[in-house]
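A.B. asks: What follows is the residue order along each chain.
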Amino acid sequence: EDKVVQSPLSLVVHEGDTVTLNCSYEVTNFRSLLWYKQEKKAPTFLFMLTSSGIEKKSGRLSSILDKKELFSILNITATQTGDSAVYLCAVEAKDGNQFYFGTGTSLTVIP
Amino acid sequence: EAQVTQNPRYLITVTGKKLTVTCSQNMNHEYMSWYRQDPGLGLRQIYYSMNVEVTDKGDVPEGYKVSRKEKRNFPLILESPSPNQTSLYFCASSFFNEQFFGPGTRLTVL
Numbered sequence: 001e002d003k004v005v006q007s008p009l010s011l012v013v014h015e016g017d018t019v020t021l022n023c024s025y026e027v028t029n030f031r032s033l034l035w036y037k038q039e040k041k042a043p044t045f046l047f048m049l050t051s052s053g054i055e056k057k058s059g060r061l062s063s064i065l066d067k068k069e070l071f072s073i074l075n076i077t078a079t080q081t082g083d084s085a086v087y088l089c090a091v092e093a094k095d096g097n098q099f100y101f102g103t104g105t106s107l108t109v110i111p
Numbered sequence: 001e002a003q004v005t006q007n008p009r010y011l012i013t014v015t016g017k018k019l020t021v022t023c024s025q026n027m028n029h030e031y032m033s034w035y036r037q038d039p040g041l042g043l044r045q046i047y048y049s050m051n052v053e054v055t056d057k058g059d060v061p062e063g064y065k066v067s068r069k070e071k072r073n074f075p076l077i078l079e080s081p082s083p084n085q086t087s088l089y090f091c092a093s094s095f096f097n098e099q100f101f102g103p104g105t106r107l108t109v110l
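Chains as they are written, first to last, in the numbering used here: chain E, 1 to 111; chain Y, 1 to 110.
Honestly, the hints are just simulated from the structure, not real lab data. It is possible that part of the hints are untrue.
[What the hints assert, rightly or not] If you want the ones that stay clear, here's a sample from chain Y, every Cβ over 12 Å from chain E, calculated: (1) 15; (2) 18; (3) 33; (4) 39; (5) 70; (6) 97; (7) 99.
[As the list claims (entries may be wrong)] 25 Å max Cα-Cα, derived SDA-like pairs, lysine to any residue: (8) Y:57 / Y:109; (9) Y:71 / E:44; (10) E:57 / Y:95; (11) E:56 / Y:98; (12) E:57 / E:73; (13) E:3 / Y:109; (14) E:94 / E:40; (15) Y:65 / E:55; (16) Y:71 / Y:13.
A quick note: this is a predicted structure, and the numbers were derived from the prediction, not measured. Quick reminder that beta carbons are idealized off the backbone N, C-alpha and C, glycines included.
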């Protein structure tokens, strides 16, 4: 059965802290892994990863994929209250272009 | 403005009363998809469409129908809604895997 597991389920940190969110997957015919941010509304796209070991970076956010160990991490440095959200990991399967989402990590950043 | 729109945004209905949730995108995307989001279960794919007249089942298709007669529209049809279909529904369209989500439709079936 295809599945995506995110950890931790929730996280509370103080502004300025660095956080690491984890996503592991077991998906047949892996095609890509995507990270989204959801702030009480529709998810918004952050990163798409297809190759192992190549870091994607956008400001204070970065992500990397390990296709051998079947996981990805999302790092957020110098967290701000605006980073408070649910972070979703999704994996696309090559056959049929289906997407499998994890249940998300809820991040709360305290001032 | 590039966007995915859904209507209605909120709907309360009763068991068995057929309903349609519309989804439209103005980005000329070929791929469109429907998801439901439930606490503790995350986003689960209901149906997706690779192009006009091409649709396929996702993880949880039971109780739902879709159609793709035009590229921009991808309505979700519940022929006989039941309380277990109470959920938050998202439509999405995508270009090279980057999915753009609609604002969501919160459906309650009594």
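A.B. asks: Please go over all the hints and tell whether each is borne out by the structure.
C.D. replies: Verification of the supplied hints:
The claim that residue 15 (chain Y) lies off the interface holds: its Cβ sits roughly 28 Å from the closest Cβ of chain E, which is beyond the 12 Å cut-off. Every CB of chain E is more than 12 Å from the CB of residue 18 (chain Y) (nearest about 26 Å), matching its label as outside the interface. Not every CB of chain E lies more than 12 Å from the CB of residue 33 (chain Y), the least distance being 7 Å, so the non-interface label is violated. Look at residue 39 (chain Y): its CB is around 9 Å from the nearest CB on chain E, not clear of 12 Å, so calling it non-interface is violated.
Every beta carbon of chain E lies more than 12 Å from that of residue 70 (chain Y), the smallest distance being close to 20 Å; the non-interface claim holds. With a least CB separation of 5 Å from chain E, residue 97 (chain Y) falls inside the 12 Å interface cut-off, contrary to its annotation. With a minimum CB-CB distance of about 7 Å to chain E, residue 99 (chain Y) fails to clear the 12 Å threshold, and the non-interface call is violated. Of the supplied pair hints, the one linking residue 57 (chain Y) and residue 109 (chain Y) holds, its CA atoms being roughly 22 Å apart against a limit of 25 Å.
Of the pairs offered as hints, the one joining residue 71 (chain Y) and residue 44 (chain E) holds, with about 22 Å between alpha carbons and a cut-off of 25 Å not exceeded. For a cut-off of 25 Å, the pair hint linking residue 57 (chain E) to residue 95 (chain Y) stands: about 20 Å separates their Cα positions. Using a Cα cut-off of 25 Å, the hinted pair residue 56 (chain E) and residue 98 (chain Y) holds, with the two alpha carbons roughly 14 Å apart. Simply put, residue 57 (chain E) and residue 73 (chain E) have alpha-carbon atoms about 12 Å apart, close enough for the 25 Å limit, and the pair holds.
At roughly 28 Å between alpha-carbon atoms, residue 3 (chain E) and residue 109 (chain Y) are farther apart than 25 Å, so this suggested pair is violated. Proximity of residue 94 (chain E) to residue 40 (chain E) is assessed by CA-CA distance (about 30 Å); at most 25 Å being required, the pair is judged violated. Proposed proximity of residue 65 (chain Y) and residue 55 (chain E) is contradicted: the alpha carbons are some 39 Å apart, above 25 Å. For the suggested pair residue 71 (chain Y) and residue 13 (chain Y), the alpha carbons sit about 29 Å apart, so the restraint of at most 25 Å is broken.
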